[in-house]
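> Sequences and hints are given; from them, build the entire structure.
2 protein chains.
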Amino acid sequence: MNQLWIKNGLFVTMDDTMPTVRGHMVITDDRITYIGAEVPNQLSPHTVIMDGSRLAFMPGLVNTHGHAAMTLLRGYSDDQKLQVWLEEKMWPMEAKYVDADTRAGSALAVVEMLKTGTTAFVDMYDRMDQVAQTVEQGGLRGILTRGVIGLCPEDVQKAKLEDALSFARDWNGKANGRITTLLSPHAPYTCPPAYIEKFVQAAHDMNLPLHTHMSETLAEVEQNVKEYGSRPVEHLDKLGFFSRPALVAHAVHLNDEEIALLAERGVAVSHNPVSNLKLASGIARVPDLLKAGVTVSLGTDSAASNNNLDLFEEIRLSALLHKGISGDPTAVPAWEALKLGTTYGAHAVWQGDSIGKLKEGYKADFVAINLDQPHFYPLTDIVSHLVYSGSGRDVLHVWVDGRQVVQDGVCTQLDEEKIKYEAAASFDRLLHG
Amino acid sequence: MNQLWIKNGLFVTMDDTMPTVRGHMVITDDRITYIGAEVPNQLSPHTVIMDGSRLAFMPGLVNTHGHAAMTLLRGYSDDQKLQVWLEEKMWPMEAKYVDADTRAGSALAVVEMLKTGTTAFVDMYDRMDQVAQTVEQGGLRGILTRGVIGLCPEDVQKAKLEDALSFARDWNGKANGRITTLLSPHAPYTCPPAYIEKFVQAAHDMNLPLHTHMSETLAEVEQNVKEYGSRPVEHLDKLGFFSRPALVAHAVHLNDEEIALLAERGVAVSHNPVSNLKLASGIARVPDLLKAGVTVSLGTDSAASNNNLDLFEEIRLSALLHKGISGDPTAVPAWEALKLGTTYGAHAVWQGDSIGKLKEGYKADFVAINLDQPHFYPLTDIVSHLVYSGSGRDVLHVWVDGRQVVQDGVCTQLDEEKIKYEAAASFDRLLHG
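Protein chains in written order, with UniProt numbering: chain L, 1 to 433; chain W, 1 to 433.
It does not matter which identical chain is meant; a pair holds if it fits inside one copy or across any two.
Distance condition first, Cα-Cα at most 27 Å in a straight line; then the derived DSS-like pairs of lysine-lysine:
| # | residue 1 | residue 2 |
| --- | --- | --- |
| 1 | Lys-238 | Lys-291 |
| 2 | Lys-418 | Lys-7 |
| 3 | Lys-81 | Lys-291 |
| 4 | Lys-198 | Lys-226 |
| 5 | Lys-81 | Lys-96 |
| 6 | Lys-160 | Lys-174 |
| 7 | Lys-89 | Lys-160 |
Just so you know, the hints here were simulated from the structure itself, not pulled from any lab data.
Following this line, the structure appears as structure tokens:
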């Protein structure tokens, strides 16, 4: 049995019954076994003691939408019209990817996410074995899925579906349960209806949730209406998509009826504010979604449209943005914004009962924040400070499943120097190869 | 003579004729005396050589609007209606300030700004001697002004004006020219017209520029129309405000005619996107202002409405925000956003000929960014990376006037531990005293 006693820390639990605790937390193996103001008792004689003063502890962040391998394309194309960005820049480069590139990009993403406090992330891409192996090695949680674009001949469609199913089958529950899998037709505008139905059927057969891009741009919504006679939410609903547990990314352009339907069907949303701003897609109706009871979580999307994977930025922006847009300074308060990145993120990936809070019985997925920095002074309100003044650069240590995966800002399970070198080499090859 | 030769660095010059240079920079005393790809010649035999590889160098940032002393109130009140925030939270606490509090808050702000790459800042507050002394000691540049609220009896008005004038007179050009001064009636809605005219007259008499808050909220614009029969820009113009060099903060609610008049009068704007979002004031028409030829710069406003002083956040947000709002992904590209925080900032404080660029003959106010971090890989485009992926936490070293004021992330001229301790103690006294 391994036991860690963190003494005299400031704990941001994300639990409404006691939002912050000054006191103690005990980790026994992979679980939180005690958190409270009082000194714990019944500790093992071999318990490791850690001084928690000058640190704040909070649950690890959950990034609910991204494409890790695209981290290689960070900064390769900015400030462009979406079609130019996608068709002239992203797709030609992505077409050159081999396994080693996916591996290099994913490893770079995992290093960046871990160091900035993300302990679980959703990833949708191809060559997903590479991503899964990186997750296994890096020590974090991955909710992984082979994203499939269905604009191709039937035999190719069939092969892609089979690839998606075999990945989902092979990796679900692997890495001591840190990896779970989903099925993902890429988007309503890139997958014919009959093809989407095949994913829905497979999700039923394999008891898996579904993930897709939805209503990211206005043009896409209009095209859906023109082509299929309904907006994307109704369209996916008709195809049975929401008969499975489902997570949709973006959901920027929604009307009231669509919001009501998402709430009714229990669909979770991944809000990607930075990517949506950068690609000029618009701003999702987050306060309305929350009011309707929809689980809203946060995603970075890829580093090609962000261009970083620090989820604290999404947390801050979801607190700031909706105030400025609505004219209501009470819109998405700090505590709610922090939930988007933690507890709601955990619920969005169907792990709300085990991660996303510092709570007895929960998995020990948590981060330590270095409070001894000028931007955290005076220490008025830790929740406010984390949301409005903090950043992933303030993360000093990270634990997942009770194992320390970042120590003093350095990944303990991954060779950062090698990963940076290989990412640079891969990009160079993609550019000139 | 002191001379520093930085070898093999990546220099982001902010000069359109050669935006980035891989090569060398030489600092002689307080000036940049060489920058270029070739190895410099005619160096002094005592030149200090610094290895610039793995670092990027850029001009120090210019923060054109803030209230440093309010850093003590960071996180003291968030997610509140503006009037509650101001009248029930800010003003009662500010009323308790004594010199030591202003000093403590300003010193904390200066530490945070320096460490995140800001080398010059505009500050509008009272007890400005305290701020000026902190600037003198900290080694950065201050464009300082006693902000005056004129909603008070005539004798108090007179005393405040006199305080503002004597501060401006005493400190202009001090600290080897690092301190310059302005005159500042707080805002059209807090100063009667006749009182504003006194500041305008004094600015003419003393040959000083003017600074004020303007058109931050819609309510304030409407009130101006109701009370004075004109919108704030026309109102200030009639009072002669723009007959002096002028910098206005916020400028969120402007119509086309007002934008044209600001351009015609050569008025500079301080865009404060984070504060404007957080207080739900709205979003300034930055692309339209830039198109009209107005000098737009960036300000954090105070840490009570931000809640940090990292200007990289304003740079990133001014690149992201206007894309999402306008639907145009080419709005405010990265290079332009970086100019807002550097060259345009320098012009906004009338120092565009000496700071804001890495250029021969310019003052040696610059920062070194640690490139060896995962979020800067691959090193595709340094300008994109600084804007969309960087942060003030990436700043390793800072120089002002050729003197190194931050080394390996630590202020060389200030006692950070003492400053943090005193800030905490001051806040505690304000809260409980």
